[in-house]
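A.B. asks: Below, each chain spelled out in residue letters.
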Amino acid sequence: MGEPAYTTDEIMSIVASRQLRDGQVCFVGIGLPSEAANLARLSSAPDVVLIYESGTIGTKPDVLPLSIGDGELAEQAELVVGVPEVFAYWLQAGRVDVGFLSAAQIDRFGNLNSTVIGSYEKPGVRLPGAGGAPEIASSAGEVIVMLRHTKRSFVEEVDFVTSVGFGRDGGGREGHLGSGPSIVITDLAVLEPDPKTRELTVTGLHPGVDVDTVRDSTGWNLAVADDLVITEPPTGEELAILRGLKERTAAAHAAQA
Amino acid sequence: MGEPAYTTDEIMSIVASRQLRDGQVCFVGIGLPSEAANLARLSSAPDVVLIYESGTIGTKPDVLPLSIGDGELAEQAELVVGVPEVFAYWLQAGRVDVGFLSAAQIDRFGNLNSTVIGSYEKPGVRLPGAGGAPEIASSAGEVIVMLRHTKRSFVEEVDFVTSVGFGRDGGGREGHLGSGPSIVITDLAVLEPDPKTRELTVTGLHPGVDVDTVRDSTGWNLAVADDLVITEPPTGEELAILRGLKERTAAAHAAQA
Amino acid sequence: MGQFTSLSDAISDLVYDGAAVALEGFTHLIPFAAGHEVIRQSKKELTLIRLTPDVIYDQMIGMGCARKLVFSWGGNPGVGSLHRLRDAVENAHPGPLEIEEHSHAGMAARYSAGASGLPFGVLRGYLGTDLEERTNVARIECPFTGESLSAVPAINPDVTVIHAQQADRKGNIGIWGITGVQREIALAARAVLVTVEEIVDDLQPRGPNFAVLPAWTVDAVAHVPRGSHPSYSMGYTTRDNPFYTMWDVISRDRSLFDDWMKEYILSRDFDGYLAALDDGSILEMASNG
Amino acid sequence: MGQFTSLSDAISDLVYDGAAVALEGFTHLIPFAAGHEVIRQSKKELTLIRLTPDVIYDQMIGMGCARKLVFSWGGNPGVGSLHRLRDAVENAHPGPLEIEEHSHAGMAARYSAGASGLPFGVLRGYLGTDLEERTNVARIECPFTGESLSAVPAINPDVTVIHAQQADRKGNIGIWGITGVQREIALAARAVLVTVEEIVDDLQPRGPNFAVLPAWTVDAVAHVPRGSHPSYSMGYTTRDNPFYTMWDVISRDRSLFDDWMKEYILSRDFDGYLAALDDGSILEMASNG
Numbered sequence: 000m001g002e003p004a005y006t007t008d009e010i011m012s013i014v015a016s017r018q019l020r021d022g023q024v025c026f027v028g029i030g031l032p033s034e035a036a037n038l039a040r041l042s043s044a045p046d047v048v049l050i051y052e053s054g055t056i057g058t059k060p061d062v063l064p065l066s067i068g069d070g071e072l073a074e075q076a077e078l079v080v081g082v083p084e085v086f087a088y089w090l091q092a093g094r095v096d097v098g099f100l101s102a103a104q105i106d107r108f109g110n111l112n113s114t115v116i117g118s119y120e121k122p123g124v125r126l127p128g129a130g131g132a133p134e135i136a137s138s139a140g141e142v143i144v145m146l147r148h149t150k151r152s153f154v155e156e157v158d159f160v161t162s163v164g165f166g167r168d169g170g171g172r173e174g175h176l177g178s179g180p181s182i183v184i185t186d187l188a189v190l191e192p193d194p195k196t197r198e199l200t201v202t203g204l205h206p207g208v209d210v211d212t213v214r215d216s217t218g219w220n221l222a223v224a225d226d227l228v229i230t231e232p233p234t235g236e237e238l239a240i241l242r243g244l245k246e247r248t249a250a251a252h253a254a255q256a
Numbered sequence: 000m001g002e003p004a005y006t007t008d009e010i011m012s013i014v015a016s017r018q019l020r021d022g023q024v025c026f027v028g029i030g031l032p033s034e035a036a037n038l039a040r041l042s043s044a045p046d047v048v049l050i051y052e053s054g055t056i057g058t059k060p061d062v063l064p065l066s067i068g069d070g071e072l073a074e075q076a077e078l079v080v081g082v083p084e085v086f087a088y089w090l091q092a093g094r095v096d097v098g099f100l101s102a103a104q105i106d107r108f109g110n111l112n113s114t115v116i117g118s119y120e121k122p123g124v125r126l127p128g129a130g131g132a133p134e135i136a137s138s139a140g141e142v143i144v145m146l147r148h149t150k151r152s153f154v155e156e157v158d159f160v161t162s163v164g165f166g167r168d169g170g171g172r173e174g175h176l177g178s179g180p181s182i183v184i185t186d187l188a189v190l191e192p193d194p195k196t197r198e199l200t201v202t203g204l205h206p207g208v209d210v211d212t213v214r215d216s217t218g219w220n221l222a223v224a225d226d227l228v229i230t231e232p233p234t235g236e237e238l239a240i241l242r243g244l245k246e247r248t249a250a251a252h253a254a255q256a
Numbered sequence: 000m001g002q003f004t005s006l007s008d009a010i011s012d013l014v015y016d017g018a019a020v021a022l023e024g025f026t027h028l029i030p031f032a033a034g035h036e037v038i039r040q041s042k043k044e045l046t047l048i049r050l051t052p053d054v055i056y057d058q059m060i061g062m063g064c065a066r067k068l069v070f071s072w073g074g075n076p077g078v079g080s081l082h083r084l085r086d087a088v089e090n091a092h093p094g095p096l097e098i099e100e101h102s103h104a105g106m107a108a109r110y111s112a113g114a115s116g117l118p119f120g121v122l123r124g125y126l127g128t129d130l131e132e133r134t135n136v137a138r139i140e141c142p143f144t145g146e147s148l149s150a151v152p153a154i155n156p157d158v159t160v161i162h163a164q165q166a167d168r169k170g171n172i173g174i175w176g177i178t179g180v181q182r183e184i185a186l187a188a189r190a191v192l193v194t195v196e197e198i199v200d201d202l203q204p205r206g207p208n209f210a211v212l213p214a215w216t217v218d219a220v221a222h223v224p225r226g227s228h229p230s231y232s233m234g235y236t237t238r239d240n241p242f243y244t245m246w247d248v249i250s251r252d253r254s255l256f257d258d259w260m261k262e263y264i265l266s267r268d269f270d271g272y273l274a275a276l277d278d279g280s281i282l283e284m285a286s287n288g
Numbered sequence: 000m001g002q003f004t005s006l007s008d009a010i011s012d013l014v015y016d017g018a019a020v021a022l023e024g025f026t027h028l029i030p031f032a033a034g035h036e037v038i039r040q041s042k043k044e045l046t047l048i049r050l051t052p053d054v055i056y057d058q059m060i061g062m063g064c065a066r067k068l069v070f071s072w073g074g075n076p077g078v079g080s081l082h083r084l085r086d087a088v089e090n091a092h093p094g095p096l097e098i099e100e101h102s103h104a105g106m107a108a109r110y111s112a113g114a115s116g117l118p119f120g121v122l123r124g125y126l127g128t129d130l131e132e133r134t135n136v137a138r139i140e141c142p143f144t145g146e147s148l149s150a151v152p153a154i155n156p157d158v159t160v161i162h163a164q165q166a167d168r169k170g171n172i173g174i175w176g177i178t179g180v181q182r183e184i185a186l187a188a189r190a191v192l193v194t195v196e197e198i199v200d201d202l203q204p205r206g207p208n209f210a211v212l213p214a215w216t217v218d219a220v221a222h223v224p225r226g227s228h229p230s231y232s233m234g235y236t237t238r239d240n241p242f243y244t245m246w247d248v249i250s251r252d253r254s255l256f257d258d259w260m261k262e263y264i265l266s267r268d269f270d271g272y273l274a275a276l277d278d279g280s281i282l283e284m285a286s287n288g
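Note that the protein sequences, when read in sequence, are chains B, F, R and X.
Under numbering that gives the first Met the number 0, the residue at position 83 of the first sequence is numbered 82, and the numbers go up by one with no gaps.
Under numbering that gives the first Met the number 0, the residue at position 209 of the second sequence is numbered 208, and the numbers go up by one with no gaps.
Under numbering that gives the first Met the number 0, the residue at position 88 of the third sequence is numbered 87, and the numbers go up by one with no gaps.
Under numbering that gives the first Met the number 0, the residue at position 212 of the fourth sequence is numbered 211, and the numbers go up by one with no gaps.
Worth flagging that the hints you see were computed from the coordinates, not collected in a lab.
The reader is advised that the hints may include incorrect statements.
As the list claims (entries may be wrong) - Rough simulated footprint, nothing fancy, chain X against chain B, three-plus residues with beta-carbon under 8 Å:
(1) 48-59
(2) 85-93
Claimed, not checked - Cross-link-like lysine-lysine pairs, in silico, DSSO-like; alpha carbons within 30 Å at most:
(3) 121(B) with 150(B)
(4) 245(B) with 169(X)
(5) 169(R) with 59(F)
(6) 261(R) with 43(R)
(7) 245(F) with 150(F)
(8) 43(X) with 121(F)
(9) 43(R) with 121(B)
(10) 150(B) with 195(B)
(11) 67(R) with 43(R)
(12) 245(F) with 59(F)
(13) 43(X) with 261(X)
(14) 121(F) with 169(X)
(15) 261(X) with 67(X)
(16) 245(B) with 150(B)
(17) 59(B) with 245(B)
(18) 195(F) with 150(F)
(19) 121(B) with 67(R)
(20) 169(R) with 245(F)
(21) 43(X) with 67(X)
(22) 67(X) with 59(B)
(23) 261(R) with 67(R)
(24) 121(F) with 150(F)
Unchecked claim - Pulled a few chain X residues facing chain F out of the computed Cβ check, cut under 8 Å:
(25) 107
(26) 122
(27) 143
(28) 177
(29) 178
(30) 222
(31) 224
(32) 237
(33) 238
(34) 254
The C-beta atom is built at its ideal place from N, Cα and C for all residues, glycine as well.
When you get a sec, could you build the whole thing from the sequences and use the hints?
C.D. replies: Pasting the structure below:
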């Protein structure tokens, strides 16, 4: 039997989902992070606790939410609180083990930009802005970043630091409760901060991806770990759970329309 | 028909209850204030909004609570919130028109003591302490004080300023949201701050009480207004409502025992 | 004091040119019908306050109601950009738009401070970000530990508008499900308008996280069933995801946007809007466009 | 992570000599059974934290468990004084008791700051009072308006103990009615013990203001029906007002207090206490005294 076929988005979600451990408390952004976190909950980490910034805590949606405030998230939650409380009593107080973020840009020190491309005063592209990200990046115990790998998104320096990784100079995390990005998962590779320099370094490649492809998709001179590993390909079970989730999601949202 | 007989406690509660107007929002302490506020609600001001520091807002108890947190207060409330919220979002934000307080001592400038008799370090009598009073005295639009009139309670200077009236020197209310004590109602008389000096001044006497009795029950050289009025005696209806409330209260608490 | 009124009277009475206005609702319970009425009444120079501007502020900005936007995340949730917001920021169309942006945590702290009658809120936030120097935030030192934290100024809107599930006949408001920041921003405001799905004898929650706003904290209540469309009202309506997708098409194009707003907002009242929704015509321009 | 355990094991595991401990409950849901167990296990040198010390701290202070009391209102609600507290403050009996007193608003702000992971809370309070110079409060200036406000240090107890109506089988806690400061002080604590009236399959509120503490915020859950006596648990028990009245007699007299504690707390477990309650014998010493 050959390995099952999968897309680059699927392997990204599956690898990300493998990072979560049972019982961890995870603050989830919408989109790719939500997909990966729910996949973890439905597979390897059934007792992961998912928190969305809409105030839904310990939620177990049957289908993926389209927005951060879908009714499903409230109905399936252990508790629902206001937005001021979710940030103050739950995130800021250090109750979140893992923050799951995406962004438009990331730089070599794991700083994230979701504010503007170009200058702030006269932006080329005005992006949505900070949302919950700056405080997730600051206060979650660690941060997992998911981002499609392109030269436009992996840049030498982000145009705007919306959320701090290790700072513009890699200088560290002083004053932050959490320890910052622990891993960046893309559709090509896995990057981790170098323990000393904190520069994002390729530590893993997805099957069939070579180092040059990753370097060509990165806007800085990318460091590569000596002990580079090849990602375990998605198992049939992982793929079945992910696809089932996405099918249920599509059906549910179509039925609602 | 003669006037109905009443006790000095009854006239104190009834006069206090007459101060409340329909629609006012009233932050109520337990004991005499609670009796007067509920009497108002059951007679002249049916739409007065009563808030207790236990977080019960807009409550309409059938019987008087024995403690500030009786279940009755929660069951009959428009809403119940936590104690942090009742002080921050409701009292401090200026949503309370009238604060209703009592104390062990009051001085000529309406400052209240519910902390110690004697020195703080080596108190003669250790009283319960501040509770909600300091911030009620500071932030309620105005404060109504109820206190039995004795030389021990009406003192030249309070041993400890638990809650500010007009300050030890009558110097005013700078930095406070509310305007301070508007009236002090005792079992003998009604006192109001002089508009200029802010010194508590007798402006009314309950029927049958003479000025000398009030002076003899006051620990400072008491000022008396020129246009002294005699309190309207309790009406039969007021007395019937108050006594009914107290009878229902006694029966309910006895049945519970 | 919880006066029942029509939506148009309420907007006319409470919202004035130049006012600082918050139409709140975190994905859930967004007061769209009230926003449409603000547009119909051509209110101008508003400071629009909201964590997530969403389609409603895209419409108001595109129609020229706003002078300034105070916000923390300006996207079309689950879809992409708010093109009218972007056009205003990137190209000053239909006019310049001043922006003051925060994080959600910062905005929530600002609202809570406003509701608490405090001039500022404190949080661990902004540290190390480029937001810190671009927005209204200050460092403050803990007088006990010496630690440095962020302070943000309170927000107290001139008018807050929210949509809720129920009002009882006295004007007490019942709201449940995801309640976002609505309690705080209602309690922070100088005047509050609530549009509701239903008027009931007694408030009857049909979901989690039930909260009450007493009638005496509310200035006006308008009965506007489905008034949160295309967002949703738990227990009454579901989110109209295709509408949000359609909005991406409409709002990308200035003239298509103008035509759509003329046809579905300016030339109709909210009942007319709902009729166009129910017969499907509201989606036509996007498919033809 | 919400381990079900016996009350005695929980106290033995979580409460240690010298710990800062908060047994909270605002008139409602006071965790008396847990306090009794602290006394039985002779814990010493505790810093006791509570807005309203109530009879439970009167008992613990009288039995010499406390080195320090942090509080805001120390009376027997509806009755009068807490005589063991007074005897400790006025006469250092059974030993000296350090006190740190605040207002309710100040304590609530301290608990909220603790729950929020902030080192201090801000309020409009204490201004002009003699409390301001006697307690742990500082002035802080608003960086935007220049206004002067009060700052109070966060409280983060080593252990918080609360009593709640229900736990589900996973250890999620359901609590309703007057919830006071319990959510804040539980979320502020390093360890949390919850005693509950009932263990249920699914949480079922039977009153207003329902709140949940997820199992993963709680360290230990002990099933202790009637564990809040003589306070009450809405939906389960009513307040035992005669007990509070009786306490005034017992606690006035040092030797009567010692005898009562020996008879009804030290020589029995909580079931024994309830038996003495049910057969009326618990009131006898007061009537004979």
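A.B. asks: If a hint holds in the structure, say so; if it does not, say that too.
C.D. replies: Outcome of the hint check:
| no. | hint | result |
| --- | --- | --- |
| 1 | 48-59 | holds (count 3) |
| 2 | 85-93 | holds (count 5) |
| 3 | 121(B) with 150(B) | holds (22 Å) |
| 4 | 245(B) with 169(X) | holds (29 Å) |
| 5 | 169(R) with 59(F) | holds (15 Å) |
| 6 | 261(R) with 43(R) | holds (17 Å) |
| 7 | 245(F) with 150(F) | holds (28 Å) |
| 8 | 43(X) with 121(F) | holds (24 Å) |
| 9 | 43(R) with 121(B) | holds (24 Å) |
| 10 | 150(B) with 195(B) | holds (25 Å) |
| 11 | 67(R) with 43(R) | holds (11 Å) |
| 12 | 245(F) with 59(F) | holds (15 Å) |
| 13 | 43(X) with 261(X) | holds (17 Å) |
| 14 | 121(F) with 169(X) | violated (50 Å) |
| 15 | 261(X) with 67(X) | holds (23 Å) |
| 16 | 245(B) with 150(B) | holds (28 Å) |
| 17 | 59(B) with 245(B) | holds (15 Å) |
| 18 | 195(F) with 150(F) | holds (25 Å) |
| 19 | 121(B) with 67(R) | holds (16 Å) |
| 20 | 169(R) with 245(F) | holds (29 Å) |
| 21 | 43(X) with 67(X) | holds (11 Å) |
| 22 | 67(X) with 59(B) | violated (44 Å) |
| 23 | 261(R) with 67(R) | holds (23 Å) |
| 24 | 121(F) with 150(F) | holds (22 Å) |
| 25 | 107 | holds (4 Å) |
| 26 | 122 | holds (6 Å) |
| 27 | 143 | violated (17 Å) |
| 28 | 177 | holds (5 Å) |
| 29 | 178 | holds (6 Å) |
| 30 | 222 | violated (22 Å) |
| 31 | 224 | violated (17 Å) |
| 32 | 237 | holds (5 Å) |
| 33 | 238 | holds (7 Å) |
| 34 | 254 | violated (21 Å) |
Checked against the numbered hints above, the structure breaks hints 14, 22, 27, 30, 31 and 34 and satisfies the rest.
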